[in-house]
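The listed protein sequences derive, respectively, from chains A and B.
Throughout, the numbering used here is defined as the position within the first sequence, counted from one, plus 172.
Throughout, the numbering used here is defined as the position within the second sequence, counted from one, plus 172.
I should point out that these hints are in silico values taken from the structure, not numbers from a laboratory.
Computed from a predicted structure; not experimentally measured.
Please note that the accuracy of each hint is not assured.
Since the list can't tell identical chains apart, any single copy or any two copies may satisfy a pair.
Stated by the list, open to error - In silico DSSO-like cross-links for lysine-lysine, where the CA-CA straight-line distance does not exceed 30 Å:
hint	residue 1	residue 2
1	Lys287	Lys307
2	Lys410	Lys459
3	Lys307	Lys354
4	Lys287	Lys324
5	Lys310	Lys324
6	Lys326	Lys310
7	Lys275	Lys287
8	Lys326	Lys287
9	Lys275	Lys324
10	Lys458	Lys275
11	Lys458	Lys360
12	Lys354	Lys476
13	Lys354	Lys324
14	Lys196	Lys310
15	Lys360	Lys257
16	Lys360	Lys373
17	Lys326	Lys476
18	Lys287	Lys410
19	Lys307	Lys324
20	Lys310	Lys287
21	Lys403	Lys476
22	Lys310	Lys459
Now for the letters of each chain:
There are 2 protein chains.
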Amino acid sequence: MRVAWFAIAIQFACLVTTAQAQSKTTAERLGYPRDAKLLIIHADDLAVAHSEDAASFDALDRHAATSASIMVPCPWLTEVAAYAKAHPDADLGLHLTVTSEWKTYRWGPVESKDKVPSLLDSEGYLWADNDPATKNIKADEAEREIRAQIEKAKAMGIRPTHVDSHMGEFFERPDLLGVYLKVARENKLPFLAALMPDTPKELSSQLSPNDIVLDHVVMAYPEVRAGDWQKFYLDAVKNLKPGLTEFIVHLAHDDAEMQAITTGHPDYGSAWRQRDYDVITSPEFKKALQDNHVILIRWSDIRKLLH
Amino acid sequence: MRVAWFAIAIQFACLVTTAQAQSKTTAERLGYPRDAKLLIIHADDLAVAHSEDAASFDALDRHAATSASIMVPCPWLTEVAAYAKAHPDADLGLHLTVTSEWKTYRWGPVESKDKVPSLLDSEGYLWADNDPATKNIKADEAEREIRAQIEKAKAMGIRPTHVDSHMGEFFERPDLLGVYLKVARENKLPFLAALMPDTPKELSSQLSPNDIVLDHVVMAYPEVRAGDWQKFYLDAVKNLKPGLTEFIVHLAHDDAEMQAITTGHPDYGSAWRQRDYDVITSPEFKKALQDNHVILIRWSDIRKLLH
């Protein structure tokens, strides 16, 4: 199912979807022309590893990434909380996490384990993959866990600007999407969601006209060859359509820690993350954004429209 | 109290203690002469970080360390479990852990959080230091947690040869020592313990003549200058007394991951661990062991005497 989620992302990248019918588009509500090309460059997976944090903080500091989201159950959360406190303007959301996908390195829930037993594998960690997660997770326990994640992040001084879903697990079942939307709306946090022509009705029907939905999502996928990495992103910038797009990137240094965490998994692995970092911090990428009149925005801009 | 534990360790290194009165010494029971100098070279803190694992596995593979112990609540446990399964002869114990001492990177308990609330700080992690741990931990909850750690290690294919205590927390209170001894004895596992002339009676009285107690423990301490690291260990080898000694080392590479974990804490920090690794894998250290007729043994040798 992880592959399926990636496939969905590829579809996101290839298909132009119809924005919610609204009197004003998100671009207009933010004060831009109706046909403006708005882009969020979003770094996933903060707190998963020091390597991830270091590369992502650097990209945020250089304004190469506009936004990022944090995995609250992961061990490096205190490093990210310290960054958040030192950079109160940083656009940091929560990457709501109910999976723990690597082979050498695992994490459990924030909530007490006996309150969320359906989230745990036989070793007491969060499920390693979407398949067993989707099969086993009870929606009320997933809700309990993500509420605990939001509460813990806030207690540690993080002021989240948005939420999204690690490995897309909350898009795997209608009741999980329901929990995700309910908790996001209650917390007045914008959330990652995108409609596609083939989005099942049980999912799309849960979105309301008041929700702000991405028009396009772009993410590199395993078929992109390492040597074509920059071309992939430059083409994506060149082909950007009017509306609200998010580039989802995974930033880390290709070092001993990240290689060990992602061992045996080149897709979204250590070298992959280094390539993402290299491209989005490159002068060529910056120039492409300028040449194509792309307007960089952040989730905190979207959030202002909810208040 | 962490400093106090280190201070105790220094005392260990400086004082010759009286072995338990027995008809035969541990050396004799293991088939060596009564005045043999037996040494365990023990790497602490496996599973705390990939850097720690990589350096420790390398030292074990090269027989530079004879033994090591594992922190079960830490995120890299699966990496260590894989090593244990691939190296069934490796002498691996459990470094029973009820503290989480670093600033950027934290872990919680193995047991469900609501069953061990006295072990947790306000952020839901294990206490960061001995002082609050010793003040707050309830012995029955510590017992529940270390039983869960042993059970989890075994479920993951680790067959522990011994136990010891991370940051010496189980030597901080008589009831904590009681729990440590009870669980070790029930599991027929030898345990780290050493008697000193000033060991409080409430602690020493809990050891029985059947327990195998270390005669000496040596660990580097903050006052050792970086340039004197090798001299410290070579002198310790030269001055080794007859009986059973353990050198406690902390092995890691001085890399980005370990530097980030130990940030702001040079004592037992990243460069410290690299120095420990450099010394115990050096030809000079190996030669000193040979020149001084030191007999390397492992906890599994001790364990055989219990069965």
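Hints, verified against the model:
For the homomeric pair Lys287 and Lys307, the shortest alpha-carbon distances inside one copy (18 Å) and between copies (27 Å) are both at most 30 Å. With identical chains, the CA atoms of Lys410 and Lys459 are at most 30 Å apart within one copy only, with a shortest distance of 11 Å there and 65 Å across copies. Taking the shortest Cα distances, Lys307 and Lys354 sit within 30 Å of each other inside one copy (21 Å), while across copies they are farther apart (41 Å). Taking the shortest alpha-carbon separations for Lys287 and Lys324, both the intra-copy value of 16 Å and the inter-copy value of 19 Å come in at or below 30 Å.
Taking identical chains as interchangeable, the C-alpha atoms of Lys310 and Lys324 lie at most 30 Å apart whether they share a chain (21 Å) or sit on different chains (24 Å). Both within a single protomer and between protomers do Lys326 and Lys310 lie at most 30 Å apart by alpha-carbon distance, with minima of 25 Å and 28 Å respectively. For the identical chains of this complex, Lys275 and Lys287 are neighbours both inside a copy (25 Å) and across copies (28 Å), given an alpha-carbon limit of 30 Å. In this homomeric assembly, Lys326 and Lys287 come within 30 Å of each other (Cα to Cα) both inside a single copy, at 21 Å, and across copies, at 24 Å.
Taking identical chains as interchangeable, the C-alpha atoms of Lys275 and Lys324 lie at most 30 Å apart whether they share a chain (26 Å) or sit on different chains (17 Å). Proximity of Lys458 and Lys275 under a CA criterion of 30 Å is satisfied in neither setting, with 35 Å inside one chain copy and 35 Å between copies. Taking the closest pair of Cα atoms, Lys458 and Lys360 never come within 30 Å of each other, the shortest separation being 32 Å inside a single copy and 63 Å across copies. In this assembly of identical chains, Lys354 and Lys476 lie within 30 Å of each other by CA distance solely inside one copy; the values are 19 Å within and 58 Å between copies.
Taking the shortest alpha-carbon separations for Lys354 and Lys324, only the intra-copy value of 18 Å comes in at or below 30 Å, while the best inter-copy value is 35 Å. Within a single copy, Lys196 and Lys310 get their C-alpha atoms no closer than 38 Å, and across copies no closer than 60 Å, so neither meets the 30 Å cut-off. With identical chains, the CA atoms of Lys360 and Lys257 are at most 30 Å apart within one copy only, with a shortest distance of 21 Å there and 48 Å across copies. In this assembly of identical chains, Lys360 and Lys373 lie within 30 Å of each other by CA distance solely inside one copy; the values are 24 Å within and 59 Å between copies.
In this assembly of identical chains, the alpha carbons of Lys326 and Lys476 lie at most 30 Å apart only when taken from the same copy (19 Å versus 51 Å across copies). Taking CA atoms no more than 30 Å apart as the test, Lys287 paired with Lys410 passes in neither setting, with 48 Å inside one copy and 55 Å between copies. Proximity of Lys307 to Lys324 under the C-alpha cut-off of 30 Å is found in both arrangements, the shortest distances being 27 Å within a copy and 24 Å between copies. Both within a single protomer and between protomers do Lys310 and Lys287 lie at most 30 Å apart by alpha-carbon distance, with minima of 11 Å and 22 Å respectively.
In this assembly of identical chains, Lys403 and Lys476 lie within 30 Å of each other by CA distance neither inside one copy nor across copies; the values are 34 Å within and 63 Å between. Proximity of Lys310 and Lys459 under a CA criterion of 30 Å is satisfied in neither setting, with 47 Å inside one chain copy and 60 Å between copies.
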